[in-house]
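Participant: Listed below, chain by chain, are the residues.
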Amino acid sequence: MFEIGKKGAPEKGPEASGWTETRPESASSQKSGPREKAVIGPSIHIDGDLRGEEDLLIEGEVSGTVQLRSNSLTIGAQGKVRADVYANSIYVEGLMEGDLYGTERVHIRKSAQVRGNVTSPRVSLEDGAKFKGSIEMDPQAVQTATANRSIGNARPAAAAKPAVPGKPEATPALKTGI
Amino acid sequence: MVADLRPLGKAQAEGPEALNAPLFHSLIKRLEGGGRWIVLDLGAARSDTIRTFGRFRCRLDIVDLAEAVGALRDVTDPRLLRQLVDALLPRRGPEATDVVLCWDLINYLSAPALTAVMESIAVRCKSGALAHGLVYYSTRTMPQQPGSFVPLDDQRLINKGASGPERPAPRYSPEELARCMPRYTVERGRLLRNGMQEFLFRL
Numbered sequence: 001m002f003e004i005g006k007k008g009a010p011e012k013g014p015e016a017s018g019w020t021e022t023r024p025e026s027a028s029s030q031k032s033g034p035r036e037k038a039v040i041g042p043s044i045h046i047d048g049d050l051r052g053e054e055d056l057l058i059e060g061e062v063s064g065t066v067q068l069r070s071n072s073l074t075i076g077a078q079g080k081v082r083a084d085v086y087a088n089s090i091y092v093e094g095l096m097e098g099d100l101y102g103t104e105r106v107h108i109r110k111s112a113q114v115r116g117n118v119t120s121p122r123v124s125l126e127d128g129a130k131f132k133g134s135i136e137m138d139p140q141a142v143q144t145a146t147a148n149r150s151i152g153n154a155r156p157a158a159a160a161k162p163a164v165p166g167k168p169e170a171t172p173a174l175k176t177g178i
Numbered sequence: 001m002v003a004d005l006r007p008l009g010k011a012q013a014e015g016p017e018a019l020n021a022p023l024f025h026s027l028i029k030r031l032e033g034g035g036r037w038i039v040l041d042l043g044a045a046r047s048d049t050i051r052t053f054g055r056f057r058c059r060l061d062i063v064d065l066a067e068a069v070g071a072l073r074d075v076t077d078p079r080l081l082r083q084l085v086d087a088l089l090p091r092r093g094p095e096a097t098d099v100v101l102c103w104d105l106i107n108y109l110s111a112p113a114l115t116a117v118m119e120s121i122a123v124r125c126k127s128g129a130l131a132h133g134l135v136y137y138s139t140r141t142m143p144q145q146p147g148s149f150v151p152l153d154d155q156r157l158i159n160k161g162a163s164g165p166e167r168p169a170p171r172y173s174p175e176e177l178a179r180c181m182p183r184y185t186v187e188r189g190r191l192l193r194n195g196m197q198e199f200l201f202r203l
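Going down the list, the sequences are from chains U and C. Numbering of the first sequence is given in this note's numbering, commencing with residue 1 and proceeding in unit increments. Numbering of the second sequence is given in this note's numbering, commencing with residue 1 and proceeding in unit increments.
Bear in mind the hints are in silico, worked out from the structure with no lab data behind them. Heads up, a few of these hints could be off.
As the list claims (entries may be wrong) - In silico lysine to any residue, SDA-like type, Cα no more than 25 Å apart, as pairs:
| # | chain 1 | residue 1 | chain 2 | residue 2 |
| --- | --- | --- | --- | --- |
| 1 | U | Lys110 | C | Leu88 |
| 2 | U | Lys130 | C | Leu152 |
| 3 | U | Lys130 | C | Arg188 |
| 4 | U | Lys110 | C | Leu191 |
| 5 | C | Lys160 | C | Arg82 |
| 6 | U | Lys130 | C | Val69 |
| 7 | U | Lys130 | C | Pro22 |
| 8 | U | Lys130 | C | Glu175 |
| 9 | U | Lys130 | U | Glu53 |
Predicted, not measured: the structure shown is a model, and the values here were computed from it.
Take the sequences, apply the hints, and build the full model.
Facilitator: Right under this line is the structure:
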């Protein structure tokens, strides 16, 4: 399992951890403020459970789960994420297959291709974005779903998740580690 | 839920004509009555649609069926059509659909494809679910591809995608629609000033 910026965790260099920390210069990465964020570069592929306590920009490929409970995640224009994603704020510019849980907001930009379900109190989508799935806009349902996510790591009950057209019936078991 | 909005730009405001859509308005009024609603949008994801339905306790299921219109047009076998359509629609979950937004998609489906689509949708809907659609009726042609109808406000729709070459419209009559959609009844129909007929179907 990858852990990014976890408090008390031993420092890891970029070579060991598989990501780099930088001040991103892309338009997408500037929208969440001037602070540094971790970047998973275009050549990086991660298959597993990715957790962290700092903002993250994904320009590479990630499969599994991504959990940044108090931070923002940006899936950059080159990013390909096939995972369920939990974060405070989520910005999508690239390819995303999986469910998105944003405790504060989810923003889907026009370059994005998303197949999955979105649960967040604030959802916005730019015209031109490709989206297939469900957008939960009922505040009560959003609160329940996001609260469930903050209590534990259990995936939401399959029966409560709307099915995505064309998405495989069985969700593959999550992998831990790489 | 708060949907972020961008005001219509000048070009958009001066572009396609907004349509008064009284039956769409009546649908919105029902949603304003409260409760939770499951809305199935057969069109592409659009910010204006998300904004409109984001005011309500809604789950918006977006299918973007327009992408598959070409593939459905080439198939005539009803069983194969049904299989294709079932694969395109979300599986029926614990919450059945209350409202279906067909927009102008009906015009781009052959009669067998229309039957397959609406039958597949029916099994995912609650009894009494409503389907809203726009049918080219008095006009003989229509855009080559399905449009991008979106709510301009609670009473008006606008087609942001219509331009370019046109093709003959099937001009489905209410009787033909009844034959193609036997499980639905026309709750109300209105002729709009652009030659389209607006329908509210009830399951």
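Participant: Take the hints in turn and mark each one as holding or not.
Facilitator: Results of checking the hints against the structure:
Between lysine 110/U and leucine 88/C, the direct Cα distance comes to roughly 23 Å. Compliance with the 25 Å bound is thereby established for this hinted pair. For the hint pairing lysine 130/U with leucine 152/C, the CA-to-CA distance comes to about 21 Å; that is within 25 Å, so the pair holds. For the suggested pair lysine 130/U and arginine 188/C, the alpha carbons sit about 32 Å apart, so the restraint of at most 25 Å is broken. At roughly 34 Å between alpha-carbon atoms, lysine 110/U and leucine 191/C are farther apart than 25 Å, so this suggested pair is violated.
About 30 Å separates the Cα atoms of lysine 160/C and arginine 82/C, which puts this hinted pair outside 25 Å; it is violated. A distance of roughly 16 Å separates the Cα atoms of lysine 130/U and valine 69/C; the hinted pair therefore holds under the 25 Å criterion. Between lysine 130/U and proline 22/C the CA atoms are separated by roughly 29 Å; this puts the pair beyond 25 Å, and the hint is violated. Restraint check for lysine 130/U and glutamate 175/C: not satisfied, since their Cα atoms lie roughly 35 Å apart, outside the 25 Å limit.
Simply put, lysine 130/U and glutamate 53/U have alpha-carbon atoms about 29 Å apart, too far for the 25 Å limit, and the pair is violated.
Hint compliance for this structure: hints 3, 4, 5, 7, 8, 9 are not met, and every other hint is.
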